[in-house]
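Model the full assembly from the supplied sequences, consistent with the hints where possible.
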Amino acid sequence: MKDGPSTLAPDDPAIRVRGLARSFGATQAVAGIDLDVPRGMIFAILGPNGAGKTTLLRMLATLLEPDAGEATVMGHDLRRAPHAVRGAIAMTGQFASLDEDLTGRENLIMLSRLWGFGRRAARERAADLLAAFDLADAANRQVQDYSGGMRRRLDIAASLIVTPGVLFLDEPTTGLDPSARQKVWRLIRRLAASGVTILLTTQYLEEADQLAARIAVIDHGRKIAEGTSRELKAATGSGFLHVTLADAAELERAAGMLAARLGAGVQRGAEGAVLSVMAGSPEAANAALSELIAAGIGLADFSMGTPTLDEVFFALTGGSDAPAEEAAQ
Amino acid sequence: MTDIASLKRMERPAPPSGLSNALVFGWRAVLKFRHVPEQLFDLVMTPIMFTLLFTFVFGGALAGSPDDYLQFFLPGILVQTVVFNAVYSGMGLSTDFQKGLFDRFRTLPVWSLAPFAGLMVGDILRHLIAGMIILAIGLMLGYRPEAGILGVAGAFVLLLGIGFGVGWIFLVLGLLVRTPTTVMTLGFTFLFPVTFASNIMVDPATMPDWLRAFVEVNPVSLMTTAMRGLMAGTVTAAEIGRALIAPVALTVLLAPLTLILYRRK
Ligand SMILES: Nc1ncnc2c1ncn2[C@@H]1O[C@H](COP(=O)(O)OP(=O)(O)OP(=O)(O)O)[C@@H](O)[C@H]1O
Ligand SMILES: [Mg+2]
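Line by line, the protein sequences are chains A and B.
Residue numbering for the first sequence follows the working numbering, starting at 2 and increasing by one per position.
Residue numbering for the second sequence follows the working numbering, starting at 38 and increasing by one per position.
Hints in this document: simulated from the structure, not taken from any laboratory.
You may find that some hints are simply not true.
Some but not every residue of chain A turned toward chain B, in silico, with C-beta under 8 Å [as the list claims (entries may be wrong)]: (1) D78; (2) I90; (3) A91; (4) A97; (5) M111; (6) F118; (7) L130; (8) A140; (9) Q143; (10) V163; (11) S195.
Derived CB-CB ranges, DEER-like [unchecked claim]: (12) B:E48 to A:S282: 51 to 57 Å; (13) A:S24 to B:I282: 42 to 48 Å; (14) B:E48 to A:R231: 32 to 38 Å; (15) A:A301 to B:D79: 53 to 59 Å; (16) B:E183 to A:R120: 17 to 23 Å; (17) A:R120 to B:L294: 31 to 37 Å; (18) B:V94 to A:S24: 57 to 63 Å; (19) A:R124 to B:L290: 55 to 61 Å; (20) A:M305 to B:P74: 55 to 61 Å; (21) A:S24 to B:L162: 51 to 57 Å.
By construction, the Cβ of each residue, glycine as well, lies at the ideal position given by its N, Cα and C atoms.
Set out below in structure tokens:
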């Protein structure tokens with residue numbers, strides 16, 4: 002199979018997706034998605050469990066055949082030149098794809114050899130990657146003895162044996178502690194700075210916010226919004242007031258008062274006596290809280306902040322489809 | 038954390054040959070031996086127990102003396118060893134899929150069959166090592182191959198052919214079945230009757246007619262007969278031909294099926 006020259010012009014997007022779709026039986030995992038990811042950008046796909054993030058990434062990484070639609074990755078057509086796509090990408094899946102019986106070093110040497118490096122070049126590349134990813138001390142231990150964070154780093158290192166044009170990262174920090182998450186974030190930023198285009202998925206708005214220049218929000222296999230983090234927040238509003246009531250029995254009364262004061266769109270949290278509403282300004286929030294207290298409604302806790310993913314969804318879908326609503330039904 | 042910015046960009050090297058890829062997978066199998074020597078234990082423990090038990094417990098009754106029985110039994114237990122071995126390679130494949138390792142392999146621009154060719158390299162190695170261990174134990178217990186080194190070498194070549202052919206059954210199973218333990222259960226459920234209802238342990242002359250009819254056409258019996266012949270120096274071309282029917286047929290039928298299943302997955 003000939004890889005063929007990439008026909009990528011300097012301004013062409015690294016990833017271009019049109020109408021990509023894939024079903025599993027009756028489940029439409031990805032139901033027609035369009036994306037354009039410019040070169041060198043960190044682009045985040047944000048969505049809840051089952052949104053279709055993994056399915057989308059697996060199709061773009063040639064691991065899964067699409068049912069419909071088309072895509073090019075670094076100028077190579079996904080269907081017509083999958084081998085050329087493979088030469089230009091690397092993928093770190095949602096779950097580590099490493100040989101647990103081998104050591105970290107052996108995993109990297111094996112994959113380097115599969116790429117076609119000679120024995121010596123493979124050893125050197127493995128050593129460089131282990132050093133760069135802070136794994137030199139654990140290099141000769143079996144991967145089954147690695148912590149979650151070490152596995153993640155090794156898995157990402159394994160994707161960088163050959164510097165890819167596009168790196169797919171499926172939930173790169175799920176399950177990591179805050180410090181390990183920070184490390185992975187730093188790593189992703191540096192990779193992007195070195196010119197690698199990164200398409201990552203996440204369930205956390207904060208992560209998308211921290212890393213990505215652009216974010217596409219998907220749910221039920223469809224893209225429901227796309228933009229910069231600022232644009233998405235503007236659509237949602239960042240002055241979100243979260244109130245936890247001391248007594249859940251007061252929930253309806255409090256919700257009514259907040260709605261009257263701050264407008265419609267009061268969301269009931271999936272658990273506990275939590276209410277969230279777009280307050281606009283701290284002053285408005287303060288006034289609303291005073292009103293609740295004056296009415297004798299006890300507050301256990303309150304906070305102002307950016308909307309949670311649930312709330313972004315609520316705002317983006319006009320509330321018809323918010324996970325919080327579904328859970329409350 | 039060491040600066041990942043210090044990591045050099047690396048361009049893709051010239052594409053490797055399919056053979057070199059397959060050898061890398063073979064190297065992986067060797068490494069696994071080193072890190073998980075227990076797997077060798079799994080492979081040889083059952084045949085060693087069988088050899089000891091059958092030789093000393095039943096040997097006298099079945100063949101007059103344990104020594105005579107061992108002479109009869111050892112070539113057959115080698116067949117059983119290799120056939121049981123194949124189950125473990127199916128389990129390994131299923132584990133690799135479960136662990137997502139194949140996702141990694143499949144996003145590399147390598148020959149898509151290299152992982153299977155590599156599994157085969159690893160299997161051949163496993164068959165050889167397990168076969169040697171069983172043979173060595175047989176020799177210690179007093180087994181003597183009449184055909185000498187050449188006969189034994191010939192028998193091992195046939196053994197690898199058998200392992201290769203039977204291996205496809207479990208590769209297909211490994212691709213179809215989601216959990217490694219199910220591969221093992223299914224594998225042994227199928228293999229126990231097939232190996233027991235053969236001429237490995239006893240001469241079928243004493244069996245009821247209906248069973249003997251099966252035992253005589255059982256591919257495991259045909260393989261065992263050829264193995265005995267090779268190691269005793271009495272083998273005929275027809276015996277070798279009959280022993281190879283099943284491995285060749287399995288390869289012809291299941292190799293393409295393996296590919297189809299793999300590409301679909
Ligand atoms: N191999 C499969 N067979 C059947 N259904 C599948 C398969 N893979 C995914 N699905 C279904 O497709 C939908 C999308 O799944 P996908 O794994 O892409 O979601 P996700 O956004 O990655 O979720 P998560 O955040 O949980 O990883 C889900 O309803 C899932 O059950
Ligand atoms: Mg997923």
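Quiz item: Regarding the hint that F118 (chain A) lies at the interface with chain B, is the smallest CB-CB distance below 8 Å?
Solution: holds (5 Å)
Quiz prompt | Residue hint D78 (chain A), partner chain B, criterion CB-CB below 8 Å | solution = violated (15 Å)
Quiz item: For the hint on A91 (chain A), does the least C-beta distance to chain B fall short of 8 Å?
Solution: holds (7 Å)
Exercise. Kindly confirm whether 51 to 57 Å is satisfied by the beta carbon distance between S24 (chain A) and L162 (chain B).
Key: The hinted range 51 to 57 Å is violated for S24 (chain A) and L162 (chain B), with Cβ atoms some 42 Å apart.
Exercise. Tell me if L130 (chain A) is really an interface residue toward chain B, meaning its C-beta lies closer than 8 Å to one of theirs.
Key: Cβ of L130 (chain A) sits 7 Å from chain B, so the hint holds.
Practice problem: Kindly confirm whether 57 to 63 Å is satisfied by the beta carbon distance between V94 (chain B) and S24 (chain A). | Solution: Distance hint for V94 (chain B), S24 (chain A) holds at roughly 59 Å.
Quiz item: For the hint on A140 (chain A), does the least C-beta distance to chain B fall short of 8 Å?
Solution: violated (13 Å)
Self-check item: Range hint 17 to 23 Å (beta carbons of E183 (chain B) and R120 (chain A)) holds or violated
Solution: violated (44 Å)
Quiz prompt | C-beta pair E48 (chain B), S282 (chain A): status relative to the range 51 to 57 Å that was hinted | solution = holds (54 Å)
Quiz item: Between S24 (chain A) and I282 (chain B), does the C-beta distance stay in 42 to 48 Å?
Solution: Cβ of S24 (chain A) to Cβ of I282 (chain B): about 43 Å, so the range 42 to 48 Å holds.
Practice problem: Using the beta carbons of M305 (chain A) and P74 (chain B), state whether their distance is inside 55 to 61 Å or not. | Solution: holds (60 Å)
Self-check item: Whether the CB-CB distance between E48 (chain B) and R231 (chain A) falls inside 32 to 38 Å
Solution: holds (37 Å)
Violated hints for the displayed structure, listed by number in ascending order: 1, 8, 16, 19, 21.
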